[in-house]
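Engineer: Protein chains in written order, with full-length UniProt numbering: chain A, 1 to 209; chain B, 1 to 209; chain C, 1 to 209; chain D, 1 to 209; chain E, 1 to 209; chain F, 1 to 209.
Quick caveat, the hints were computed from the structure, so don't treat them as lab data.
Predicted model only: the values in this text are computed from it and were never measured.
Worth double-checking, as some hints may not be accurate.
As the list claims (entries may be wrong) - The calculated DSS-like cross-link candidates involving lysine-lysine, where the alpha carbons are at most 25 angstroms apart (straight line), are:
#1 D:Lys-131 - D:Lys-199
#2 F:Lys-200 - D:Lys-199
#3 F:Lys-66 - F:Lys-199
#4 B:Lys-199 - A:Lys-66
#5 B:Lys-199 - C:Lys-199
#6 F:Lys-199 - D:Lys-199
There are 6 protein chains.
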Amino acid sequence: MKIVLSIIFLSLFSLSHASVVDFCVADFTAPNGPAGYSCKNPAHVTANDFAYSGLATAGNTSNIIKAAVTPAFDAQFPGVNGLGISAARLDLAPDGVIPLHTHPGASELLVVVEGQICAGFVDSGNNVYLKTLEKGDIMVFPQGLLHFQINSGNSQALAFVSFSSANPGLQILDFALFKSDFPTELITQTTFIDAAVVKKLKAVLGGSG
Amino acid sequence: MKIVLSIIFLSLFSLSHASVVDFCVADFTAPNGPAGYSCKNPAHVTANDFAYSGLATAGNTSNIIKAAVTPAFDAQFPGVNGLGISAARLDLAPDGVIPLHTHPGASELLVVVEGQICAGFVDSGNNVYLKTLEKGDIMVFPQGLLHFQINSGNSQALAFVSFSSANPGLQILDFALFKSDFPTELITQTTFIDAAVVKKLKAVLGGSG
Amino acid sequence: MKIVLSIIFLSLFSLSHASVVDFCVADFTAPNGPAGYSCKNPAHVTANDFAYSGLATAGNTSNIIKAAVTPAFDAQFPGVNGLGISAARLDLAPDGVIPLHTHPGASELLVVVEGQICAGFVDSGNNVYLKTLEKGDIMVFPQGLLHFQINSGNSQALAFVSFSSANPGLQILDFALFKSDFPTELITQTTFIDAAVVKKLKAVLGGSG
Amino acid sequence: MKIVLSIIFLSLFSLSHASVVDFCVADFTAPNGPAGYSCKNPAHVTANDFAYSGLATAGNTSNIIKAAVTPAFDAQFPGVNGLGISAARLDLAPDGVIPLHTHPGASELLVVVEGQICAGFVDSGNNVYLKTLEKGDIMVFPQGLLHFQINSGNSQALAFVSFSSANPGLQILDFALFKSDFPTELITQTTFIDAAVVKKLKAVLGGSG
Amino acid sequence: MKIVLSIIFLSLFSLSHASVVDFCVADFTAPNGPAGYSCKNPAHVTANDFAYSGLATAGNTSNIIKAAVTPAFDAQFPGVNGLGISAARLDLAPDGVIPLHTHPGASELLVVVEGQICAGFVDSGNNVYLKTLEKGDIMVFPQGLLHFQINSGNSQALAFVSFSSANPGLQILDFALFKSDFPTELITQTTFIDAAVVKKLKAVLGGSG
Amino acid sequence: MKIVLSIIFLSLFSLSHASVVDFCVADFTAPNGPAGYSCKNPAHVTANDFAYSGLATAGNTSNIIKAAVTPAFDAQFPGVNGLGISAARLDLAPDGVIPLHTHPGASELLVVVEGQICAGFVDSGNNVYLKTLEKGDIMVFPQGLLHFQINSGNSQALAFVSFSSANPGLQILDFALFKSDFPTELITQTTFIDAAVVKKLKAVLGGSG
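Pulled out of the complex, with its shape left as it was, chain A reads as follows (with noise of 0.2 angstroms):
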């Protein structure tokens, strides 16, 4: 009977070349496409590839923000490729703070593990939503908006966060402005803030221009 039943549904699986099945693994050697990257060999795939111990430790908080970001995107967990989805840890010491910043593709969905954190976004109608949450609360983010997370309680923050695609992307306002290039010209012309407020800020955070 064994036999027998194989037999008939071979035909299905001896196929001569790999099959789209199921799963896209990153492959990081071959080129990436707008849908993501190429698909690692399925005869190569293991459970490890599923699986990712990256955000089991804690980032490191000794820092200006008193925070860290860890990123289990599709570039660090090839295993997301494709499904849609990814996730990140957030550690907050006390009066850490993730700066404003917007993920252009994606929406987030956090959950507090430890501690107590101030999240907040602002929509398109400039509307601006403000939450306390305590450990096992969590809380979404629309796409693109802009959002952060400070560490509202005394003690150290964990949260973790996902996103509703494996590629969410990650604007740090800050960032985009005094950690760039951007010309000072341009940023004054373009958010009203002064000249010496820019250059000051682009002293701190290492940008040019």
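We have chain A already, so just place chains B, C, D, E and F on it with the hints.
Structural biologist: Then chains B, C, D, E and F, alone, in the frame of chain A:
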């Protein structure tokens, strides 16, 4: 200056009807469609619509599987409607098991927050991918494939999972077969499981037929 | 007139490289990605790429399930690559059964061409939907849900099915559990099926572990 | 055991409102939107919603084209709403013709069930792809391209076609030009077909203007 | 001949309810959803629904930014609902500036119709892309990234922009920060901009908090 | 401060391989796939990749249709690859005509920049939508439907069109029929246009068969 600037942009926002902008918080009282629920009137949307506390409390694991799944899909958390993401909380007491199941409409990403979890999935080629995950580890389960989670440690385990859809669906294999009115004769014909086994499991889980 | 008209439109088509236009016949020798296979050079595409005769011959039903599934997914029929559609042929001898299975990546539409077929699926709420279909009847199986087809008549049955993806995937429940190396202990833990039953079915279907 | 198991999962399904789960059978009495019709109340959905007998009867081919198209789009078959798939039946008497047409919103896959069919399509580069298909052969027509089917055998021909959308649309070239109120002057200007020819075909097909 | 031909195809169009066909003109009086507004009754749709004159008149640039943005999103131009495209008109007097902003839900393509425009955007890697565009030049701004347009010539500039969504959204950085009730303390914490600067810009733009 | 801040975020960008971030400029030398061309190495991308001057020059309208279409699809303008948008320029001398055509893969939005244009399309129900557009007016043509543009004024007309895809395709009806090798007999059978008319137009446009 303030007045003039406002005037020029006023035209953008002085619309006579509510615009579909940035998000679509679910309105459970209006019709839903293939893309999700109708949108709540934006004028009534507040920060509370984007946060959810339903995952902050541990699920009750005093049951036969010693585990609990608490969903935060669009039906529970209206803020995720239309955003392509949702979440759930998994509580597993020692020996706790989330039985074999699929999410027909989404891939899943799991992060272990407490304890140790053995998780796995099977692909279309009948390959089994198993991983033992420690605190902070993440794992992804490609869309629609059978998968499970087991507490493989000695203490309570806690995980948060997120999905690539606001409405991932959840089909628990045992419930589909043995907690439904799926006729026993059809189950035996389509699974090769003996009628006696089917009847026994139906008696336990509450199935009929 | 002919010459002038040609001149004006020539600019549209005198490109120095092959354009992605209208279709993307699979090139199995190039990398594939999350959206499908790379495209065959359009200059080499012919009408033969868009037709397939692999479903013209009845599958061999001289086996334990008295049935055969013959796929025309992108891996067999390169013309459907990227077009969001594919097909398969179902042959069912009297008493033939297509065992319980899912397509993780597509909805399915079946049309009965010969004989009588009893088909059904189970949804996330454990509701079972059963229909007996006569020649010419069609039925749809929503994406990712467990479903089956049985020859419920006295003669050979033939059906053609189509899918809402060029690569729907196919997970046969019994094969996932009993024709794989899914450890018996994990199967019993995650399905409540006795180890003895699991071992017996593994022996029949060729599973290990 | 039965009771306890039920309790733990009850929280998943004891929602106070109908959830968008797994499918969205069309409710023609509620508003429709870009993604399809509103969903019928899941509590009223039965197996009958997922099956359709409208393609079981041969279309009437006693007409000038000696052919008939019988659609099973979402408007006829509410079960396919939102599932990205639909179907139609083609009956072609000897010499029957399905005139040149497009489906603006879907690719099409045809399977010949009886007789012989000559089918073809034209791409953006004005390349013509022609195939003569025998019983059991399949052919795919990429989205939006002009295509046709002709009975090229001596007997009645029957084909079933499926589409990569629940609402593929159908634009028959001759009807768009000659069964509409498209002003004759504009037709001649935009097609180079003589006014006399246009008027003659309008007289036959019922066009005006 | 005319009558018979009509009969055979009548079955396609003699449906008892309005079908979702080809387009979905927005009905602002019915519920909207994640995919856009509900569809206007097709029987009431006319050519006027697909055209819009709101961009024919120059916006008023007698203001502090010497510029005006006039949108033709689905909320203004109901014909684009569900079609994945929309538009806007940019008028820039000499020295006019469209301040730094994002479209959370769409990529943008700009064409210069009059004058000279300097445009730029910043990517997730803090790279700045700047171009000076002359009449007839086009430029694309990838989805969700900060960008701006400045009149870099000596005369009035006019540009038309289109978007890859009927509802691209528009988040103007300065308005999000300084024309909202975003608490000053949170702005300083999440942007490193001094409170004094924040307060000054809020006074100008009308922000509170 | 500058150094420390940089350190904490460095982990985000110190990846060992180029990440798919924000955009995917087409690399015409690598394979393409269903979602578009492969991505150019981000390290080599400059502002020039996102701008295009090919639409700045008027097309040559000294031809039989007194019109010209100049495309800026992904094949001409690699910066739009994967961004879901593209453009084209329409030049129409007095009496100029863009013949009846479809874009199989995109909706189109037209803006009149100079002159007066009469445009129209036909839907699946054979309804014709006609509008005379003045300077600054916009019109949308739903995906895949037959449409045209005619200079209805006394002077040169100029329009820019954009598409909801980087690769909309372009099927010109007359070219598909009469500039191809579509056999005359099949054309007459599938369009009811007399063979003599077909042959005459083929002679003009260069068709064979």
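Engineer: It remains to establish, for every hint, whether it holds in the given structure.
Structural biologist: Going through the hints against the structure:
{"no.": "1", "hint": "D:Lys-131 - D:Lys-199", "verdict": "33 angstroms, violated"}
{"no.": "2", "hint": "F:Lys-200 - D:Lys-199", "verdict": "18 angstroms, holds"}
{"no.": "3", "hint": "F:Lys-66 - F:Lys-199", "verdict": "23 angstroms, holds"}
{"no.": "4", "hint": "B:Lys-199 - A:Lys-66", "verdict": "59 angstroms, violated"}
{"no.": "5", "hint": "B:Lys-199 - C:Lys-199", "verdict": "19 angstroms, holds"}
{"no.": "6", "hint": "F:Lys-199 - D:Lys-199", "verdict": "19 angstroms, holds"}
Hint violations for this structure: numbers 1 and 4, all remaining hints satisfied.
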